[in-house]
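Visitor: Could you build the full structure based on these sequences and the hints that come with them?
Number of protein chains: 2
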Amino acid sequence: MMREQRSENPFGVLRHVVLFAFKGTSTHEEIRNLEDAFRALPGKIDEVHGFEWGTDVSVENLTQGFTHCFLVTFLSANDRDRYLPHPAHQEFVAALEPHLEKVLVIDYWANQ
Amino acid sequence: MMREQRSENPFGVLRHVVLFAFKGTSTHEEIRNLEDAFRALPGKIDEVHGFEWGTDVSVENLTQGFTHCFLVTFLSANDRDRYLPHPAHQEFVAALEPHLEKVLVIDYWANQ
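Quick note, the sequences are listed as chains A and B, same order. To convert, count from 1 in the first sequence and add 1; that's my numbering. To convert, count from 1 in the second sequence and add 1; that's my numbering.
Fair warning: there could be bad hints in the mix.
[As the list claims (entries may be wrong)] Far from chain A, by Cβ distances over 12 Å, these chain B residues were calculated:
#1 26
#2 27
#3 28
#4 31
#5 45
#6 46
#7 47
#8 66
#9 76
#10 89
#11 92
#12 95
#13 96
#14 99
#15 100
[Claimed, not checked] Here are some of the chain B residues that sit facing chain A, going by a computed Cβ distance under 10 Å:
#16 38
#17 67
#18 85
#19 104
[As the list claims (entries may be wrong)] 35 Å max Cα-Cα, derived DSBU-like pairs, lysine-lysine:
#20 B:24 <-> A:24
#21 A:45 <-> A:24
#22 B:24 <-> A:103
#23 A:45 <-> A:103
#24 A:24 <-> B:103
#25 B:45 <-> B:24
#26 A:103 <-> B:103
#27 B:103 <-> B:45
#28 A:24 <-> A:103
#29 B:24 <-> B:103
For the record, the hints were derived by calculation from the structure and aren't laboratory data. Quick caveat, the model's predicted, so the values are computed rather than measured. Built from N, CA and C at the ideal position, the CB exists for glycine as well.
Guide: What follows is the structure, given as structure tokens:
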């Protein structure tokens, strides 16, 4: 099946899309610190191949309340699977959770 | 303010992240046709600078029900603003809507 071929594509990159909405009680400084903590992960976890992020500037009113998008790129599913339980990632998640209103994560193999 | 500087960054690229969940009544063929219709848009709309997509392969159970992710890249907010009302995009949206369970769109200027 084509979909399974895509999911196992050994030549593409694996995108890990992470969306956050923060609690209204979290301060700008607390959110800034969490942004910085996420940005620091590529320097701590070798398996991260690419990293970018930004805050919403869309005009369609379809964000479903999410304000932050982080795009983490891996070269393999194994690298993603080493990233998730990595102590530096887990430390970030622990700091994040008290401030998180909601989260969405979707991964895909990048096809054209 | 740093966040506003980021949002107006004239040197980065503007990412347009689009997530879909399709209705359970939509067939695989109907969904495949919609995937193909979205993939055809970069060939029809000059303002699209980059395009990739894929279906969920995440392992964290945080997709919130979304199955498809499309990442459309623009070089400017003006290009995004020409893409949204473009007849080819609107034709795709009209074909999509009867099959759409839910949609999420978030745009961001790609920062490192």
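Visitor: A separate judgement is required for each hint: does it hold in the structure or not?
Guide: Structure-based check of all given hints:
no. : hint            : verdict
1   : 26              : holds (19 Å)
2   : 27              : holds (15 Å)
3   : 28              : holds (14 Å)
4   : 31              : holds (15 Å)
5   : 45              : holds (15 Å)
6   : 46              : holds (15 Å)
7   : 47              : holds (17 Å)
8   : 66              : violated (9 Å)
9   : 76              : holds (14 Å)
10  : 89              : holds (17 Å)
11  : 92              : holds (17 Å)
12  : 95              : holds (15 Å)
13  : 96              : holds (18 Å)
14  : 99              : holds (17 Å)
15  : 100             : holds (16 Å)
16  : 38              : violated (15 Å)
17  : 67              : holds (6 Å)
18  : 85              : holds (7 Å)
19  : 104             : holds (6 Å)
20  : B:24 <-> A:24   : holds (30 Å)
21  : A:45 <-> A:24   : holds (27 Å)
22  : B:24 <-> A:103  : holds (23 Å)
23  : A:45 <-> A:103  : holds (25 Å)
24  : A:24 <-> B:103  : holds (23 Å)
25  : B:45 <-> B:24   : holds (27 Å)
26  : A:103 <-> B:103 : holds (17 Å)
27  : B:103 <-> B:45  : holds (25 Å)
28  : A:24 <-> A:103  : holds (8 Å)
29  : B:24 <-> B:103  : holds (8 Å)
When held up to the earlier numbered hints, the structure conflicts with 8, 16 and fits the remainder.
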